[in-house]
Structures are given as structure tokens and as C-alpha cells.
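Peer 1: Let the sequences and hints guide you as you build the complete structure.
Each protein sequence line maps, in turn, to chains A and B.
Count along the first sequence from 1, add 62, and you get the number used in this note's numbering.
Count along the second sequence from 1, add 41, and you get the number used in this note's numbering.
Just so you know, nobody snuck in bad clues.
Some chain B residues judged to face chain A by a derived CB distance under 7 Å, without partners named:
1) L57
2) R60
3) A61
4) G124
5) L130
6) F131
Result set (DSS-like, lysine-lysine): computed pairs, CA atoms no more than 25 Å apart in a straight line:
7) A/K124 to A/K89
8) A/K189 to A/K166
9) B/K64 to A/K189
10) B/K119 to A/K189
11) B/K119 to A/K147
12) A/K115 to B/K257
13) B/K64 to A/K147
14) A/K339 to A/K303
15) A/K124 to B/K257
16) B/K45 to A/K166
17) A/K75 to B/K257
18) A/K239 to A/K89
Hints in this document: simulated from the structure, not taken from any laboratory.
Just so it is clear, CB atoms sit at the ideal spot from N, CA and C, and this is done for glycine as well.
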Amino acid sequence: MLSIQNITKTFGKRTALSQVSFAFDKKVYGLVGANGAGKTTLLRCILQLYRVKDGEVLWNGKSVARDRSFLNQVGYLPQQFGLYKELRVREALALLANEKGVPKQDTDERIAACLALVHLSDRADSKVGELSGGMVRRLGIAQTLLNEPQLLIFDEPTAGLDPEERVRFQNIITNIKKDRTVILSTHIVADIQAVCDEVLMLGEGKLLFHGTVRDMTEQARGKVFLAKQADMTGSDVFIVKTEEKDGEVTLRYLAPENRGGSPCEPTTEDGYLCIQKQI
Amino acid sequence: MYTKTDIAALLRRYGLHLRALGKHAAIPFLAVNLLLPVLTALCLYKSTNPAEDMREVLSYLRIFLPVCCIWHSIMIMKEYLLGTGSEVLFVCKTRSRLPDALLPFLVMLSNSALLFGGISLFVPNQSANWLHLVGVCCFYFGIATFLLNASRSLTLTLMVVLLYTIAAVLCGDLNVQFFPLYYDTMSLSEADLRLCTAFFFLGALALTLLGEWRAKRNEKYA
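Peer 2: As C-alpha cells, this is what we get:
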């Protein structure tokens, strides 16, 4: 199992992560937070892409800094992925399988299985450079599975994808998550709701929240209101949505107390914003 | 230590890396196996003084061969360091990039040896010059790997390689042509040529190791 203990990471004078600790289980975790919150930094610290001087990353109780075999258990998809554009899909996966130490006799079988899982079998002989953005992302997911890892890490895997591709991605995660720890860094609330068992929220390098999606939604219970702009009082509100109809402006806002409106059922996004804005 | 399996995997990777370079992977091979032999043949054809004409041959070999030898290495390392999503490669079991860069260099060097072997059939006693040229090629490899690891900039690396080559050619008229200059060494004594050659090999080793150290010393990936 993966465990992170008191991870602090600084770049010069800037503290990107501050005393972040968590123990992961075999579940799908959504890692959320504003831009610059430290999500990618945390993932890179786990993957040893960044040197961790303060704190520890443990895999099955052993520090990963001293256990090179840890990376054999990991599949990683970075934010941007587009290697080997001149190679055919099958060749690119063969090269990546080679890099990951997959035995030669198992390579073809693993490639076929991974392509089938991401529905790219019919494009196995296409060049990577000829694939659409969504297909390249699916290829990226396929390469994470080549070495049959126990830990999967995806950094904003659905950014820039159309709704159909996002749904396809969600279905893939549902198919591959069994007996694995999956960490998904994302801004997209719909992805969290669809696939994540638990959510970790970072803010300014600190762990602000961890719990289920439902727990995150409940953080906004009693704090979401709908009101006409004219009826609003007080300024300590966060406006989530503004609607105008027939010249009348209606606001959906978050506030610790009612500021002249009617309470609403909170959404996951409301919960996210309440935690981020400390409402 | 590299096992038989590791070497087989390295060779397979080499083949796929060359395919990944696309059409321009063929350029160094064409240069070494077609362009340079044709130029050499033209220089030596009906030569009345092959030893003297060898000076002409060596002058352009000293420009083309080092660059041809390191071209694939640079392009393969570029993918590791600058490719879109290359973090994936740093999270793989195979961690050291140096063997993947070294193999293409050795292949091109061996290919160049065939050319030089052919030349030696017509102009014997060139072993000292050949060894010196191998040293220069190794030095180029050291420069390229050091700069790529330290700067992570393909532009900077190619610029330095180009400027170094130009500087060496422009300084070719100087009476002293000692390390790191290399363009016209015919004026050197045999002892100085040997010393110079040793410096090129040592320089290559130092730069390569410095590049590896620099890569590890920086943030591992960023």
C-alpha cells in the first residue's frame, strides 16, 4: 500500500507542499485543488520525479527512495503525453513495454490486452501522430497498464477531452480499478463523482480535506442559497452562478448564513468551493 | 552489470528509437556510407600523392564524421529529456539514459570504421590519424551528452556543437593545433598527436560523467 508521511517540498522560497500525509488503500482517489495547489508536485514526489528531502513515501512499509522495485509497480500518465509520434501505436507500446522491463515473450500479449481495454485495437497500426487527442490519451492509459501495476497515477487525464471521451475514460477506470490504488488528479467534478471512492483536496500545498464524494458534498449543506440580486444582503458571499431572465438577475451563492434567499440542495462542486473558500 | 537479456532489450530499443526518428534517421547513414565515400573517392581518384591528398580527405572527415556519429544519440536523448510526456520514461524500470545514447554512437563509429578501413587500403599508415578522429568523435559525444543533461536544451546543444566545429575549422590555419582544436593536426609531431588523442578520450569521459552527475544533482526530472 502507498503511504505518504509529512511530505514537504519547496522550490527556492516557494513551498509547494507542506506536511502532507495520507495512507492510500485499494480505491480510486480523486486529487483535487486549484491551479498551483500542489497536485502535480505531490504526484511527482510519489513517483520520485522530484527529490523528497522532508518526509517519506512508503510502499508496503518500505521507503521508495531506497526501493527501486517500487517503480515496477507503477503506471503513470502525465498531463501531457505524446511520445514517439513517428511510431505506430503497436511499436510505441512495444518501446514503452521494453522501457518498463516487460519480458519480450509477454509484450505482444500485453499490448493486445491493453489496446482492447482502451478500445484502440483497430488503430494499432496507425502512427501515433495521426491519432486524435482523445485517442492519444487512451494510448497513454494503455501504456500505464503494460507492466500490470498495482498503483496507477493519472494527472488530469480528461483535460481537453470531449464529453464522449470523458465518459469513455470513466468507463475504462471502472474496468481497471479492481485490486489497484488509483490516484486521479483532476479539476473536473463530474469525473470525481463518476469514478472516485474518496477525494483528497489540496490548497496552497496543504491537505484541506479527505473523505468520500458525499462527505465533500455535505460540506456545503446549509450554505447554498438561491436569491434574486435585489434581495441580497451582506457581502461575504461567493457567487457560484448568475442567471438573468426577463431582466431579473438570480444568484446561486455560498455563504455561512442566509443572506436573503432560499436554501438549495448542495452539489459536489458547492462542497469543493466551500472547502476551498473556507466558507 | 548488463545481462544477455538487458543487451537484447537494449538492441530492440535501439531499433525502435531509430524508427521513432522518422525519415531523418537515415541521414547520418547516407552521409557515412554514400556522401563521404564519394567525396573520398573523388579526392583520391588518380591522385599522384595520396599521402598529401589524405590531408584533404581528413579535413572534411573531421567536420562530418563527429556530427554524424552523435546525431542519433542527440535525437534519442532529446526524446527522453524534452519529449511530450517524457516523465513516463523516467518512471520506468530502465533508468539510465546513457546506454541508449551510447549504442547509436558506437554503431555510427563502427560504420565510420568501415569507411576508414576502405581509405586505408589506398593510403596506408593512417592509424594514428584514425585514432585521433575517434577521440574527436568521443569528445563530441561528451559535449553533447553533457550539454543535453545540464541544459535540457536541444538548441543550445546543437549551437555549441556547431560553433565548436566552426571554431576548429577557422583556427585550422594556426600553427599549433592542440586539444581542443582538431581541424588540421598534420603539423603536429607524432608524440603530440598521441597526447592530443589521449586528451580527447579523457575529455569525452569527463564530460559524459559530468553530464550524468549534473542530471542527478538537479531535480530528478524538472
